[in-house]
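Participant: Sequence:
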Amino acid sequence: MRKLNDLPAVDDSPMHGPIRPVRLLCRDLHPVVGKWLDRCVAENLGKDARRTRVQIQQTLPFVFGLLLFFAFLTAFLRHPALPLQKTGFPPMRLFLALTPLLLSACSTTISPSDLASSAPDSTFSHDLLDQVLGTHVDERGRVNYAALQAEPATLDRYYSLVAAYSPDSHRDLFADEAARFVYWINAYNAAVLKAVLANYPITSVSDVSGPPLSGLVSEQIGFFYFQKLVFGGAKINLYDLEHEIIRKRFPDPRLHFAINCASAGCPRLPRQAFHVAHLEDELDRETRYFVNEPRNLRVDDSTQVILISSIFDWYRDDFLGWMATSFAQTPDPDLLDYARLYLSAGRRAEVDRAEAAGYVVQTIPYDWRLNDQGR
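Going left to right, the sequence shown walks through residues 1 to 375 as this note's numbering numbers them.
It is worth saying that the hints were derived from the structure and are not from the lab. Honestly, I wouldn't trust all of these hints.
Stated by the list, open to error - Below are the DMTMM-like pairs computed for lysine to aspartate or glutamate, each with C-alpha atoms no more than 25 angstroms apart in a straight line:
1) K248 - D313
2) K235 - D168
3) K248 - D332
4) K248 - E280
5) K248 - D334
6) K248 - D301
7) K235 - E280
8) K248 - D284
9) K235 - D114
10) K248 - D352
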């Protein structure tokens with residue numbers, strides 16, 4: 001699949017003094033590093049310029065060493081021939097596997113404000129999350145974070161239950177696989193809300209910074225990897241929750257349209273929690289809604305391109321693997337074949353026409369702006 005390449009914007013603000021060469025190198029390697037260095041220098045030069053310049057000069061070898069290491073690592077991980085790239089395996093994972101000490105030192109835990117006052121009777125209830133979503137989420141899936149921050153009690157009560165009970169800690173509360181799937185979907189969505197509120201006001205999850213230089217791997221690493229939340233007593237970050245628990249245990253690609261990462265490019269956050277009794281219908285509903293939104297899949301006749309959400313490309317193995325198992329009669333299925341299962345008749349005919357005409361498939365750059373009603 002040929003894709004649009006989104007090059008990050010480069011910050012060209014000037015820097016003065018002996019740090020300028022390092023600043024320029026940082027800008028060339030990655031804009032996030034440059035911004036971090038700008039902030040560090042701006043905060044210190046005004047206080048004691050001479051002392052700061054000496055400190056900077058003394059740390060230049062260390063800075064250059066780190067920059068070269070991360071530049072090499074980033075280039076290596078992004079090389080198109082790397083097997084990890086072909087399988088969609090996120091490069092962030094390898095980076096973090098190499099830095100366990102950094103993880104333990106820099107991670108923060110968003111703990112529940114109160115422990116659950118009473119245990120669920122026989123099954124885990126998601127009624128509290130229903131109340132939160134019905135009150136603070138609109139039909140487009142945008143969240144009124146300001147109002148939720150002002151009235152967090154119901155979300156806090158639900159999160160206290162999630163933090164105390166999970167399918168791993170109290171399996172008896174979850175009767176079957178569907179109940180466990182529902183728990184992890186709802187727990188993820190609630191945890192994302194808690195993670196946003198812990199940093200609000202922000203304009204993007206990218207605003208939550210990780211350790212210095214971690215932005216070389218991903219600008220969203222601070223939000224998804226260096227914040228941990230609690231599930232049944234276990235501290236887990238959002239990245240591992242999605243990739244190590246939900247995706248591994250539930251190989252249903254519809255999950256990608258059920259979990260919401262608090263960004264405009266994400267599938268909408270539903271106005272109600274997922275429930276076991278209606279899980280199949282709810283997963284189909286959210287998948288159908290996503291693929292029929294022009295922002296996620298559309299035909300551009302002027303450029304002869306079929307544009308699809310980056311989600312399809314990131315998790316192509318999930319979609320194609322499921323297609324190969326569930327639709328063995330479809331030879332060599334592609335991502336559009338999966339989308340066709342949920343497209344309306346009119347949209348499907350439009351895609352068929354474009355594909356027959358030889359249009360190229362390209363991915364839509366992901367929109368990381370916060371899914372905030374106030375923006």
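Participant: Please go over all the hints and tell whether each is borne out by the structure.
Facilitator: Consistency of the hints with the structure:
no., hint, result
1, K248 - D313, "18 angstroms, holds"
2, K235 - D168, "12 angstroms, holds"
3, K248 - D332, "24 angstroms, holds"
4, K248 - E280, "19 angstroms, holds"
5, K248 - D334, "22 angstroms, holds"
6, K248 - D301, "38 angstroms, violated"
7, K235 - E280, "29 angstroms, violated"
8, K248 - D284, "20 angstroms, holds"
9, K235 - D114, "16 angstroms, holds"
10, K248 - D352, "32 angstroms, violated"
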